[in-house]
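Fit chains B, C and D to the known structure of chain A by using the hints.
There are 4 protein chains.
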Amino acid sequence: METNRLEAFSDGVLAIIITIMVLEMKIPHGTEPNMAALEPVLPVFLSYVLSFLYVGIYWNNHHHLFKACPKTSAGIMWANLNLLFWLSLFPFVTGWMGENQFTRIPSALYGAVLLITAISYYILQRLVIKETGRDSKLATSIGNDWKGKASPILYAIGIGLSFLQPWMGGALYVAVALMWLIPDRRLERAMPDHA
Amino acid sequence: METNRLEAFSDGVLAIIITIMVLEMKIPHGTEPNMAALEPVLPVFLSYVLSFLYVGIYWNNHHHLFKACPKTSAGIMWANLNLLFWLSLFPFVTGWMGENQFTRIPSALYGAVLLITAISYYILQRLVIKETGRDSKLATSIGNDWKGKASPILYAIGIGLSFLQPWMGGALYVAVALMWLIPDRRLERAMPDHA
Amino acid sequence: METNRLEAFSDGVLAIIITIMVLEMKIPHGTEPNMAALEPVLPVFLSYVLSFLYVGIYWNNHHHLFKACPKTSAGIMWANLNLLFWLSLFPFVTGWMGENQFTRIPSALYGAVLLITAISYYILQRLVIKETGRDSKLATSIGNDWKGKASPILYAIGIGLSFLQPWMGGALYVAVALMWLIPDRRLERAMPDHA
Amino acid sequence: METNRLEAFSDGVLAIIITIMVLEMKIPHGTEPNMAALEPVLPVFLSYVLSFLYVGIYWNNHHHLFKACPKTSAGIMWANLNLLFWLSLFPFVTGWMGENQFTRIPSALYGAVLLITAISYYILQRLVIKETGRDSKLATSIGNDWKGKASPILYAIGIGLSFLQPWMGGALYVAVALMWLIPDRRLERAMPDHA
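Protein chains in written order, with our numbering: chain A, 1 to 195; chain B, 1001 to 1195; chain C, 2001 to 2195; chain D, 3001 to 3195.
Calculated directly from the structure, the hints in this document are not laboratory data.
Everything hinted at is true.
Keeping only pairs whose Cα atoms sit at most 16 Å apart, straight-line, the calculated EDC-like set for lysine to aspartate or glutamate is:
hint	chain 1	residue 1	chain 2	residue 2
1	A	LYS67	B	GLU1002
2	A	LYS26	A	GLU39
3	A	LYS26	B	GLU1099
4	D	LYS3026	A	GLU99
5	B	LYS1026	C	GLU2099
6	A	LYS71	A	GLU2
7	C	LYS2067	C	GLU2131
8	C	LYS2067	D	GLU3002
A short, non-exhaustive set of chain C residues, derived as facing chain B with CB atoms under 7 Å:
hint	residue
9	ARG2005
10	PHE2009
11	GLY2012
12	VAL2013
13	MET2077
14	LEU2081
15	PHE2085
16	SER2088
17	GLY2095
18	TRP2096
19	ASN2100
20	THR2103
21	ILE2105
22	PRO2106
Derived contacts from chain D toward chain C, CB cut-off under 10 Å, selection only:
hint	residue
23	LEU3006
24	PHE3009
25	GLY3012
26	ILE3017
27	SER3088
28	THR3103
Every residue, glycine too, gets a C-beta built ideally from N, C-alpha and C.
Okay, chain A solo, but in the shape it has when bound (with noise of 0.2 Å):
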């Protein structure tokens, strides 16, 4: 309860933030209205798409977190403005990658965005787990937290090959999302509601 207003805080950034994004696909002007006139925003959607899913699992990941914190303090408040930041760069370098059809340096940037959120969200869980203790529900069901200790791995690598072939910078972000899609049963576990 303590949290609530935490949580309805972040849920109305991450909902203007997963929202905005779709501002970034413009109307085709002076064109004809034919199916041409979409293919420069084509790129714009797919780069979306992407973080579309991205922004979809940080909310999934934070709503299972908070579910399972019983209060607030001011480290956790800051940690969490800290996670709504980086991700508030989402729409930028959305944007700025898929106008430029996934080219190196737009490539290289958002997955430096994509980097310093997920450790960004790596301390926030950290924090939120010191407060309901080592030996809860939630400590227990993240476990070892293989997902959120690769991930950053992942992101650093493709940071790197965006340089050298940036799809294939593109194709590990993909990849990477689609790892977090793969409902992941720890955190759901440790719901009072499952138990």
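Just chains B, C and D, lined up with the frame of chain A:
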């Protein structure tokens, strides 16, 4: 209670979608501020009215659906995000159709997004019914769900008509919206407080 | 409690409307960053202040109205969406009036949206009173509702004045807003916690 | 509980303000997608970081303030809307300062908005203390409120410095933000759950 945050997040996204569509109505620049200046805004306004209606209908149905849903699952979470994704494309397709005054391809694309959104809602509804039980009040009250089944077929016909006579496609989309506007007592009757 | 989600959704839409209006205040480009650069922004700023006031007044009244409303109905849902629709036009008419420095047609259009919004609010209020009962505290406290009845008439006069002397229309809109700002103890008195 | 909707609406507005500021970071167009293309974005990014910090600080303080406030009043409602109004100007002044690389007038205007926002928060805090009582835990814990009193003076000095050496004004605004970031245990200690 467990669905609170899913509802709050969806409300946030729907509130933003319904509101940013109005940003596609660009303030006239470089013209005398008279009635003629508003003329090019009119088709965008009309497509805005139609899309506002559709998002309103989805919010209404979503509201009733989750009032009857006791808890969430990974499937419901992602089916809901999938629905929100397609709804988030409304501002783009609405603006494109409006600016091109209901010509072929934009009208067909608008219908295609309506179609996929309707299917996405249907999937979400199936999952919620699965969670509440086949004999639940919700399942009984939705019943044979003729509106939910007729809509995708009508959208598909609308897409076809858009290629023949774009205004006929648009007219069909309007007709389907009005069909949904007629109060649907099924779901309301299933609510605890109406029982 | 049953009105929670209607209130949350309305809060979301009103929060967005009140905030995106500020986007019409375009950052000056291609000019020296001095006081003169802010001059063209001034009328947009003034119309923003006025519209912020109006949306604030509607949020305030909406808040009091639903605090006293025990449950929703299909009629209330759609009357509420209708109100939100007209409020969503505020950013457009505010920006157009501001950019054209309160000239005729934009001032009249602004008044027309104020007028339809006031009527929409009146309809919503009637439906809520119908739900709470004619002898409810809410109905008693709203009483003869002279502000609600005078406002549409004053807006209509403002529209007329806009054609004669645009600044007089604007001045009347300001006057009506100030009339609403004066604390209205009627509704507050009806609230359980003030009883 | 009575303040729920005021908090929800404020959360919505603050979530939007904090997020739309990022829209001022325009995606580079018409340049090669390399590091040099990001150079003009850098000052806008830096001013975004600063404003994100400030909105985060206000959200944090607002959160603590209303956790301790049992009920609303017409005065609190309007003092809160007044605070939100000045906060809503952050995207404009942030963008202008960022795009002009912290030159005189934009830096002074940024400071002026910080100053008026701080005074608005002070007024809101006075009204909430009046509602909770002079001997309430909230009032005791806020105590002499040296940060709240020092900030407006520092902003005023910052405005003055902006005219002499714009970077010194900016540096002072950063310093005040950092001063607020240092955990303030006064308000937290006053919360029921920390008692």
